[in-house]
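**Student:** Given next are the chains, with one letter for each unit.
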Amino acid sequence: AQSVTQLGSHVSVSEGALVLLRCNYSSSVPPYLFWYVQYPNQGLQLLLKYTTGATLVKGINGFEAEFKKSETSFHLTKPSAHMSDAAEYFCAVSESVNRGSTLGRLYFGRGTQLTVWP
Amino acid sequence: GAGVSQSPSNKVTEKGKDVELRCDPISGHTALYWYRQSLGQGLEFLIYFQGNSAPDKSGLPSDRFSAERTGGSVSTLTIQRTQQEDSAVYLCASSTSGLAGGRETQYFGPGTRLLVL
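Just so you know, the protein sequences line up as chains Z and G, in that order.
If you read the first sequence in my numbering, its first letter stands for residue 1, the second for the next number, and so on.
If you read the second sequence in my numbering, its first letter stands for residue 1, the second for the next number, and so on.
Among the hints, a few may not be true.
Unchecked claim - Away from chain G, derived, C-beta distances all over 10 Å, residues of chain Z:
hint, residue
1, ASN41
2, LEU46
3, THR55
4, ILE60
5, ASN61
6, VAL93
7, GLU95
8, SER96
9, LEU106
To be verified - Per the computed footprint, the stretches of chain G lying under chain Z, defined by three or more beta-carbons under 8 Å from a beta-carbon of chain Z, are:
hint, stretch
10, 26-37
11, 60-66
What the hints assert, rightly or not - Derived Cβ-Cβ restraints for the label pairs, each shown as a range:
hint, chain 1, residue 1, chain 2, residue 2, range
12, Z, SER9, G, THR78, 40 to 50 Å
13, Z, LYS69, G, ARG22, 17 to 27 Å
14, Z, ASN61, G, LYS57, 33 to 43 Å
15, Z, LYS58, G, ASP63, 24 to 34 Å
16, Z, LEU20, G, THR105, 39 to 49 Å
17, Z, SER70, G, GLU14, 48 to 58 Å
18, Z, LEU20, G, ARG103, 22 to 32 Å
19, Z, LEU56, G, GLY28, 28 to 38 Å
20, Z, SER70, G, GLY16, 47 to 57 Å
21, G, GLN41, Z, HIS10, 38 to 48 Å
22, G, LYS57, Z, SER26, 42 to 52 Å
23, Z, SER70, G, SER66, 36 to 46 Å
Derived by calculation from the structure, the hints in this document are not laboratory data.
Ideal placement from N, C-alpha and C gives every residue a C-beta, glycine not left out.
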């Protein structure tokens, strides 16, 4: 099974500062990669995903992430944090090859709570 | 258009009672997933439906959990003889077909918050 590690369960930044949320996956075959955001009492909303092609992916709300195969990473960044970015962020992967389990099944990291200080 | 909807939004029940949670996927989406979000386990996969194929039940934690999908649309997750450890947020997601596997974006509903007393 896939394993996803998000370093730092809590990250705090000042408004206007760089946001960096880390995500590493375990598979030797690169999976498909996703970042979701969850606001309080809401479901998950897709920020961006990488399936193929350009390794730098741009998403909504000014977020972007870069797939680095050599580092098995897919870190999420935003140049300038805004108060409205405060939420919980989940990195997720799904299999890109058939290993006998549901191909579309998502494996999630434990999440990173982002706090933005004024 | 309308997103994934789930009902009820909150459910409080007593230990030992049965509960039913409902999911309405996005119209036309043939793939449907259930996940559970709990403090102890994080987000975990429960079950997957794709079209008329047999569901993938590999994530169901016990035989007290079951799910069905009627007419290829609405899905119901049933938990029998609820236990306190079943307390969690149950999330439903749908995607276009499931045939593109992991490439497809899953669209999540707001979840049902279940509290077992």
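**Student:** Now look at each hint and say whether the structure bears it out.
**Tutor:** Going down the list of hints, with the structure as the test:
1. With 10 Å as the threshold on Cβ separation, the claim that ASN41 (chain Z) sits away from chain G is violated: the shortest Cβ distance comes to roughly 7 Å.
2. The claim that LEU46 (chain Z) is not at the interface with chain G is violated, since a C-beta of that chain comes within 10 Å of its own (minimum 6 Å).
3. A cut-off of 10 Å between C-beta atoms confirms that THR55 (chain Z) is not in contact with chain G; the least separation is 16 Å.
4. Once the 10 Å rule is applied to beta carbons, ILE60 (chain Z) is consistent with being away from chain G; the minimum gap is 12 Å.
5. Under the 10 Å C-beta cut-off, the non-interface status given to ASN61 (chain Z) relative to chain G holds; the minimum distance is some 16 Å.
6. Its closest Cβ contact with chain G, about 8 Å, brings VAL93 (chain Z) to no more than 10 Å, contrary to its assignment away from the interface.
7. Its beta-carbon lying about 5 Å from the closest one in chain G, GLU95 (chain Z) breaks the requirement of being farther than 10 Å from that chain.
8. With a least CB separation of 6 Å from chain G, SER96 (chain Z) falls inside the 10 Å interface cut-off, contrary to its annotation.
9. Listed as a non-interface residue, LEU106 (chain Z) fails to keep its Cβ farther than 10 Å from every Cβ of chain G; the least gap is roughly 6 Å.
10. Counting residues of the stretch 26-37 of chain G whose CB lies closer than 8 Å to any CB of chain Z gives 3, so the stated coverage by that chain holds, three being the minimum.
11. Residues of the stretch 60-66 of chain G with a Cβ under 8 Å from some Cβ of chain Z number 0, which does not satisfy the need for three, so the listed coverage is violated.
12. For the hinted restraint 40 to 50 Å between SER9 (chain Z) and THR78 (chain G), the CB-CB distance of approximately 32 Å leaves it violated.
13. In this structure the hint that LYS69 (chain Z) and ARG22 (chain G) lie 17 to 27 Å apart at CB is violated, the actual value being about 41 Å.
14. Distance hint check for ASN61 (chain Z) and LYS57 (chain G): the Cβ-Cβ separation is about 36 Å, which falls inside the suggested range of 33 to 43 Å.
15. Hint check: LYS58 (chain Z) to ASP63 (chain G), Cβ distance near 45 Å, so the stated range 24 to 34 Å is violated.
16. Roughly 24 Å separates the CB atoms of LEU20 (chain Z) and THR105 (chain G), a value that falls outside the hinted 39 to 49 Å.
17. Range check, SER70 (chain Z) to GLU14 (chain G): about 53 Å between beta-carbon atoms, so the 48 to 58 Å window is met.
18. For LEU20 (chain Z) paired with ARG103 (chain G), a C-beta distance near 26 Å keeps the hint of 22 to 32 Å intact.
19. Separated by about 32 Å at the C-beta atoms, LEU56 (chain Z) and GLY28 (chain G) satisfy the suggested range of 28 to 38 Å.
20. For the pair SER70 (chain Z) and GLY16 (chain G), the beta carbons lie near 52 Å from each other, so the given range of 47 to 57 Å is met.
21. For GLN41 (chain G) and HIS10 (chain Z), the hinted distance range of 38 to 48 Å is not satisfied, since their beta carbons lie about 19 Å from each other.
22. For LYS57 (chain G) and SER26 (chain Z), the hinted distance range of 42 to 52 Å is not satisfied, since their beta carbons lie about 24 Å from each other.
23. For SER70 (chain Z) paired with SER66 (chain G), a C-beta distance near 44 Å keeps the hint of 36 to 46 Å intact.
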